[in-house]
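Following the hints, complete the assembly by docking chain Z onto the known chain Y.
Those sequence lines, one after another, are chains Y and Z. For the first sequence, the residue numbers in this note's numbering are 1 to 175. For the second sequence, the residue numbers in this note's numbering are 1001 to 1274.
By construction, these hints were calculated from the structure, which means they are not laboratory data. Keep in mind the model is a prediction, meaning the values are calculated, not measured.
Facing chain Z, a subset of chain Y residues (Cβ under 7 Å, in silico):
1) Leu44
2) Asp79
3) Arg100
4) Ser116
5) Gln117
6) Val126
7) Val130
8) Gly133
9) Met147
10) Ala150
11) Val160
12) Pro161
For lysine to aspartate or glutamate, the following EDC-like pairs were computed, each having C-alpha atoms within a straight-line distance of at most 16 Å:
13) Z:Lys1216 to Y:Glu45
14) Y:Lys62 to Y:Asp51
15) Z:Lys1067 to Z:Glu1126
16) Z:Lys1200 to Y:Glu134
17) Z:Lys1027 to Z:Glu1068
18) Y:Lys125 to Y:Asp115
19) Y:Lys34 to Y:Asp79
20) Z:Lys1200 to Z:Glu1243
21) Z:Lys1115 to Z:Asp1181
22) Y:Lys125 to Z:Glu1128
23) Y:Lys125 to Z:Glu1126
24) Z:Lys1037 to Z:Glu1053
25) Z:Lys1115 to Z:Glu1128
26) Z:Lys1024 to Z:Glu1068
27) Y:Lys62 to Y:Glu102
28) Z:Lys1246 to Z:Glu1222
29) Z:Lys1216 to Y:Glu50
30) Y:Lys125 to Z:Glu1193
31) Y:Lys62 to Y:Glu50
32) Z:Lys1200 to Y:Glu102
33) Y:Lys125 to Z:Asp1192
34) Y:Lys62 to Z:Asp1212
35) Z:Lys1067 to Z:Glu1128
36) Y:Lys125 to Z:Asp1127
37) Y:Lys84 to Y:Glu162
38) Z:Lys1200 to Y:Glu101
39) Z:Lys1027 to Z:Asp1074
40) Y:Lys125 to Y:Asp112
Every residue gets a Cβ at the ideal spot worked out from N, C-alpha and C, and that includes glycine.
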Amino acid sequence: MQNKFREARSAKIKKKTKDRPRPPPIGERKAQRKRIVLSNTNALEIAGLEDLNPTNMADTEKIGQVLGIQGDLLDNLRDAKAFKTTQNWNMFRRPATLVREETVSLGQHVRDVIDSQQNQGLGAKVARQVVSGERASGKSIHLLQAMSMAYMNGWIVINVPEGQWLQLIHVSVMC
Amino acid sequence: MYIQPHLTSELLSRMAYSNQAVLKKLKLVGKLPADLKLGNNATLHSLAMLGAENHTLAWPVWQTLWKELNTRADSKNARPSVLIAIDSVNHWMGPTKYRSAEYNTIHAQQFNMIKHLTRLLFAQSEDELANGGMVIAATSGSNSPSLPSLDILLRQLAARAAGTAMTDPNFPMPQPYSKPDQRVLSLFKDTDETTLTTLKGLSRLETRGLLDYFAKGGIFKESITDTVVGQMRGLSGGGIVGEMAKFGTRTSGNVAVHLSSAGLPAPSSERITA
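Pulled out of the complex, with its shape left as it was, chain Y reads as follows:
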């Protein structure tokens, strides 16, 4: 009789098992964080959105207008890692950038280099520029515009998307 309450039939408190969802596979979260989305089908299509092209890249009339990036450049720019995640590309139907005064002068520099290349005698010109400005003032977009101008004129583009990569301790170094 004394053992009555210690039998297997006595009350047991069941452990609750929580259904935890599986964590996403390795690398998935980072991939989501770094994903570059260049188009949004919910955004309205903008009628008459002109593209930035070799003829209008140095046109002062275009200051203050937003010009699209040609579709065939997008893969090149993506491969060169020219787009950044902070740049609002996912809000619009297709990527476009604002033409500022500085953009037009950039286009003028590109034009000068092309002209100097065609005048073989004088030697080709090289434009060297440091871009500065406060946070979010459009410096990386300025570089992106320079790159799209270079691609559409058949130049070779070498891009360093983040200078800090070459300076942090994460990667191999040899003497």
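Chain Z in isolation, oriented as in the chain Y frame:
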């Protein structure tokens, strides 16, 4: 001097994939070093891919490729111009986290690739970029280490553009008794053609264009009047484009909401209607 095999390999891979169409048309003209093995009729693309796929070959590949790109174009061999774009260049103007075998800090300019690209940005030479092109480097605003020597360099570039002579008392110089970074300051003497572009806030015209685009894209729901343009410029620190994009692309698109979130009174016309 140090080399960075993996990073060089990544740079070659970005270059090979993004310029595929152009590089595939360019034939090798010079002789390859013995350790790089490519078949006959190799193109610059296959050379770049060799380095992109194997980091141990990346540095010799980069050197060979750079020599090839700088071969002067002639009737037989076309060689296009080159654009070099560098973002967050300020990280290259100071000490790194790396240590040498003697446990001394390594300066960023002691890395071969960084040194090479910085030289292209600041110094002209006859043999390099023979077919013209552009070297453009942007500093970083949000992730910028404190580097007084770089600040002086940028101020010196600005002063030169404004026509201030180096002998002028107002020409920016390092503080007396400070220890400026000579690797950075000496860059100024290397060239007189590097220009400084300082990006400021957007003008009214540019602001209107940008807001117009936001409105046409369906995310900015105000009608764009002179008042709204002025308000948005004011709210975004005088037309700082990134800040304006944040305000302009918020779903409500209502100026009064932004003003109240910034702790400012709503514009008078809306206060009357509310």
